[in-house]
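For this one, chain A is given, so just place chain B on it according to the hints.
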Amino acid sequence: MYAGSLATVMENGLGPAYSKATGGEYQGEAQGSLGAARMIRDRLRSPDVFISADPAVNRNVLMGAENREMVTWFVTLASSQLVLAYNPESKFAAKFQAASAGTIPWYEVLQTPGLRFGRGDPRTDPKGYRTLFLFDLAARHYQRPELTGLLGDPINPDQVFPEIVLLARVQSGQFDAGIFYRHEVVAHKLPYVSFPPEINLGDPKFASFYAQASFTTPTGERVSGAPILFTITIPKVAGNETGARNFVRFMLSSNKLLEEFGLGAVDHLVGGEIMQVPMELRSLSSGKYEP
Amino acid sequence: MKRSLKPTFVIFGLLGGLLLLDLLLPIVNLLIYADWSSWMVALREPGAGKALRTSALTSAISVAIMTFLGVPLGYLLARGRLPFQRFWMGLVFLPMVVPGLAGGILLLLTFGPNGMIGKPLDSWDIALTNNFVGIVLAQLFVSAPFVIVSAYAGFAGVDSKLEMAAATLGDSRWDIFRRISLPLAWPGIAAGITLAWIRALGEFGATLIVAYNPHTLPVYLWVRFESNGLTGALPVALLLVLLAAGAVAISMFLSHLTGYGEGVGVRDYIPGRQT
Chain A
0 MYAGSLATVM ENGLGPAYSK ATGGEYQGEA QGSLGAARMI RDRLRSPDVF
50 ISADPAVNRN VLMGAENREM VTWFVTLASS QLVLAYNPES KFAAKFQAAS
100 AGTIPWYEVL QTPGLRFGRG DPRTDPKGYR TLFLFDLAAR HYQRPELTGL
150 LGDPINPDQV FPEIVLLARV QSGQFDAGIF YRHEVVAHKL PYVSFPPEIN
200 LGDPKFASFY AQASFTTPTG ERVSGAPILF TITIPKVAGN ETGARNFVRF
250 MLSSNKLLEE FGLGAVDHLV GGEIMQVPME LRSLSSGKYE P
Chain B
0 MKRSLKPTFV IFGLLGGLLL LDLLLPIVNL LIYADWSSWM VALREPGAGK
50 ALRTSALTSA ISVAIMTFLG VPLGYLLARG RLPFQRFWMG LVFLPMVVPG
100 LAGGILLLLT FGPNGMIGKP LDSWDIALTN NFVGIVLAQL FVSAPFVIVS
150 AYAGFAGVDS KLEMAAATLG DSRWDIFRRI SLPLAWPGIA AGITLAWIRA
200 LGEFGATLIV AYNPHTLPVY LWVRFESNGL TGALPVALLL VLLAAGAVAI
250 SMFLSHLTGY GEGVGVRDYI PGRQT
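Residue numbers (numbering that gives the first Met the number 0), protein chains in the order written: chain A, 0 to 290; chain B, 0 to 274.
If you're looking for bench data, these hints aren't it; they were derived computationally from the structure. Any given hint might turn out to be false.
Okay, the calculated bits of chain B under chain A, using three or more residues with CB under 8 Å as the criterion [claimed, not checked]: (1) 105 to 111; (2) 178 to 185.
Just the calculated beta-carbon pair ranges, DEER-fashion [claimed, not checked]: (3) B:252 / A:152: 41 to 47 Å; (4) A:287 / B:16: 52 to 58 Å; (5) B:52 / A:152: 15 to 21 Å; (6) B:52 / A:187: 18 to 24 Å; (7) B:255 / A:26: 45 to 51 Å.
The beta-carbon is built from N, C-alpha and C at its ideal position, and this holds for glycine as well.
With the rest of the complex left out, here is chain A (with noise of 0.2 Å):
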């Protein structure tokens, strides 16, 4: 089970190489990482392995007495970042070049009268609250405090929708832009306007910058500002524990793979108790995660 942003990037990509690789069988699941690890909590899921858009989902939602150890480590897979993709057919597709070569703020594309873009939905999906942290962070990074003006109430009905939906709206010409990851965007072989390193959640060196942001989740988990990290885990409910340690460690001896895609290398860090990793993946890591 994998957050759903990496739909492309592990059913056309990594999935069919690990069994290439090994002859191990693959077969994936999509859920948004929050959804995903609820079900896997409430016992609605037992996938061997889960990968997490963010290290906070495992710890809000898997790990712990609370919520019955399903998990209780984590390793860092791999970072992307957060970029304004564009429908290439838009009236505005200009301005959103003139930003992308620099010409224009990109905030100045998204002002624009009549323009419509969206981002995912706080409640249900990482890159939701996200967005919203990419916004807060913009007003100050630029000192223009009214951008975050641009999102309206978090859950915004005329901005939010679910991962695919949106995706789909922005594809087919019905949005002009929407806020993605970039392997999103690659996968889908789409436009778009990259955001400084300040602000777009994926450089690990702005993190205290980053964890300026803050936002409250419906069950009333506290979610901060942080690069943006895939993570990658064995459930306790795994069933081919075997299966599930061979397909991790591909995993985490897949940098140049997961590049292609659109998704940024990182050092392999463990986040919980590092005496649980299994020894053979212990080896692949390369230090402990600390957010």
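Just chain B now, kept in the frame of chain A:
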């Protein structure tokens, strides 16, 4: 001969019973699992009430539209001696069997702000998706066929001798429709409308794509499931099951009035059958 000794019935009963396990156990399980007091609290949340109102209102509008437009279409199909009649019936059936998600994508491409219909309206600032209109469009797509098909079956089942007798007495087509065909076919049509209503109320796949907001009950169920997990979703699931049970009961009762027994409206229709 005693009924219980007929081996065919015993074997059929066992086979059917296995299937019923799959149909009914999940619902029984839900009722056993139910934590009534805390669930009632969950259903009093403003989001739940809003979703219930959205669902009730949009499904009522959908049912009104599909009745007003679908019953005449059913009559036309049954009595109009249309060319290519099987083809038209097939078309009516199509949305019933297309998966909701696929339907939603097709609707979005047509009625979305960049769609064939949506685009010209968008320049007038009229939106057809992500609002009540979008929800109604999705509900019509998946549930109107129930009304059309039950109307077709109802009108086709009316004894044409009665209609001919009225015609020889000088009644116009409209009079025959109004005074004979519609009253005789109505209970079956009403049963089909009830089914269409619950289908509209439960519509998820197409609605999610066309109108994520405002949330209908099924979309709200999904959001709760994603954001609050099982405990958040179960009360809403229970509410939907209870509504569905009510609708099925009404539909069965209306079918009973037709004198056919326990059919539920579309029972008498066999795809492609000409009457």
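Q: Tell me, in ascending order, the numbers of any earlier hints that this structure violates.
A: 2 and 6
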